[in-house]
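With these hints in hand, go ahead and build the complete structure from the sequences.
Residue numbers (our numbering), protein chains in the order written: chain A, 1 to 392; chain B, 1 to 440.
Honestly, I wouldn't trust all of these hints.
[To be verified] For lysine-lysine, the following BS3-like pairs were computed, each having C-alpha atoms within a straight-line distance of at most 27 angstroms: (1) B:K401 to A:K175; (2) B:K278 to B:K34; (3) A:K59 to A:K330; (4) A:K48 to B:K91; (5) A:K330 to A:K48; (6) B:K278 to B:K401.
Simulated from the structure, these hints should not be mistaken for laboratory data.
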Amino acid sequence: MASGTNGTNANGTSSKDPVLVVVQLSGGNDFMNTVIPYGDPFYYDFRKTVGVKEENVLKIDDNFGLHPSLGPIKTMYDAGDVAIVSGIGYPVPDRSHFRSMDIWHTAEPSTVSAEGWLGRVIRELDPNQNNVCTGVSFGQGLPRAMYLMGTPAISVAQLEGYGLLTSIAGERQRKALNAFQRMYVPEEVDEASMVLNHIGQTGIDAMTGAEMLSVAPERYSSSIEYGDDALSQSLKGIAQVHTADIGTRVFYAQLPGFDTHGAQIATQAGLLSNLATSVSDFFDDLREHDASENVIMMVFTEFGRRVRDNGNGTDHGSGGGAFLIGDRVKGGFYAEYPSLDPANHLSGDLHFNNDFRSLYSTILDGYFGIAPEEIVNGKFEQFNGMFETAGV
Amino acid sequence: MRRAAFGAPAWRLEQLAESSYEELVEDLLDIESKQRPAEDLLERFHAEHADEENNKFTAARWFYRMINSPRVLEEKVALFWHNRLATGIAKSNVNLMMRQHLTILRDYGMGNYRELLNQISHDPAMLWWLDQQMNHAGAVNENYGRELLELFSMGRGNYTEDDVKAAASAFTGWTHDQSIPRYPNGWWEFSFVFREDDHEYGEKTFLGRTGDLDGGDIVDEIVKQDATAHFIAENLHRFFVSDEPDEKAIDTIAQSYFDSEYEMKPILRNLFHMDEFKNSVYDRVRWPAEHVVNVVKIAGTLTDPYENGIKDLVSYSEMMGQGLLNPPTVEGWHTGREWIDSGFLIERVNYASEVLANPDTPGMRKIIERISEGRTSISPADLIEACLYELGGVELEARTKDILLGELGTEEAIAVNNDFGLRVSQIMELIVASREFQLS
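Written out as structure tokens, the structure reads:
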């Protein structure tokens, strides 16, 4: 197995296997107003109405700073735990949300595929399917990124109350679940309907997963009070499952609403504030449980937005950006910020500098220590030195 | 009834069985002599349903019709087309467009397929969804032209890239107007606009026909193709018969497509009379919307506009993987076994068990009464058979039945007493949690 430049866990006996949390910002987050190139005069030329005033930018250096709602992320950045990857995209940008999101999910920019890249990661991490909870998604429905026929992944809308036959109580529920299990065990006979066996296996996985996950809220206590919003609740669920130590390696959570064609100023500020607060609560929670050192978080969006605002918001663009956050992450700027000079635009958009599969490959090789080629369908240049060596 | 409609409990099927099979098929197909249910009462009792900005309320009204419309096949066929001509709210965020779109699926879904494609090609929701407003003379956007061929009619591999270009060129200038803003004037519908100055006139060659073709000519050529007949036949087979394709049955349906000159009603009539349709049992995974409607129909609830809960069906279906009016992509939903993932399956099982384990719904009260009638006791095996029958003829594997039997304990006979309703609902709870109940 290929080993990353910075190595991964030193030995197989450690219970601290690397864990990835993916946070998806759906709708196309405006990266230019997230990591703001306030030192570039072009920025204020193009962002006459939705630009962030220089005095409000949380400055990182003389050229760049974060959106004023990202205070908690700035604190983590100052502590050296946030990598900013700018100008990420894929060849021939597609400005459709679903197609673009599909491309990020499947790592397949040219053909339509139903196989998720994280599904392939889960298969690689647990080839014998010893743990149905290797991949757990929070939110409504399994994201295509985690979907791979024959590889289980658990989808949880809400951890509290999650489970099968939850409307039945006590001893009767235990009996009903026992019957459920016997009804669903796949049959060995040849003529058994394939689809019945598929439903059966999925039901057994769901039941096993629900049982494993049910211990998480019971074992958990924390001084952190998460917000009531969906992302905070998802991240709280992830913290509960992670600290329950049931072997989950890939988590997924989502924050929708970034499609800011109009009313961008208020909308994006609210969403970014929601993101920053919940992510900061999450890492504080993990640290309180001494469980942060083997967790990194990738925050991504399907595309950035047009360079020029439309007077009230911004339209779909290309060239987005991502954050990588965690103790193991070596903070700083990775990749050049795309030029705002109109001469370098790609039909009115920032021209992406980096293929998103480079970021995936860096995480796979440098963090998980697994060969990226099969998972991202090709060899892509990796970002250097994005991770601290384990144990630091 | 399961596959041509949304299933029904036994007491309803018995009423239907007074007619012959042929009469039943004709009754399903006969939509003209029946009224659609009035939606205004629903809006009167639940003012929020009149909210045209929110697609969930349009979807809720659709569920109401699937449950209650005397023209049940019309709703079922609209659901079929919603997956095949998949268009959604996600891109436009304009629900008024989706309402118009659904009306087209309903009004033309059981008519002539050529006319349906023509209507869809004039539909603002579809035009926006596939970027027709960006399909200009001199700057062709191929999105609609391509999906029309690939997903709506012929299927990949049956046309060339030049055909896609010709189709896209023929549709240049087909766009919609900008609707008048809502305030202060109320709702204004979007309408189709043909911009003559933005249309590429001149010679094009599409599927071998050369001329100054426009969008209507493209549709005319598409419907004549053998590939189209097979593509539509395969999709109908998948929806009404089985998740597994059957070449012979598909050929038969394709033949009736040509025989009827693309008229959906004769195609459906022939399909319902095919042995493959009649003999197929539990060969397809129910779509989430079908699952929800079937459960509600057995429970006998939501039949009156004043009842609460119709809006919740939209969320239940969405949690099982099918958010109506919001398909994941223009490809529609991935059906068959892809409906089943761990989260979706838990939702399906929990929903059906919770609703049908309640002995106090009108439907369950009726079922319990029917099983109790004239009895002082019933054997466990007979009770299971009775429950399966009352659910509308659910068929279980022998193994599943044995397990259910074991759950009923060792008594030789179950007394029909005050606790009987509870016993029935507890066994119903398990039956509808079975693998088999996920199929239709």
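Item checked: Hints that the structure is at odds with (numbers, increasing) -> Checked against the structure, the only hint that fails is number 5, while the rest are satisfied.
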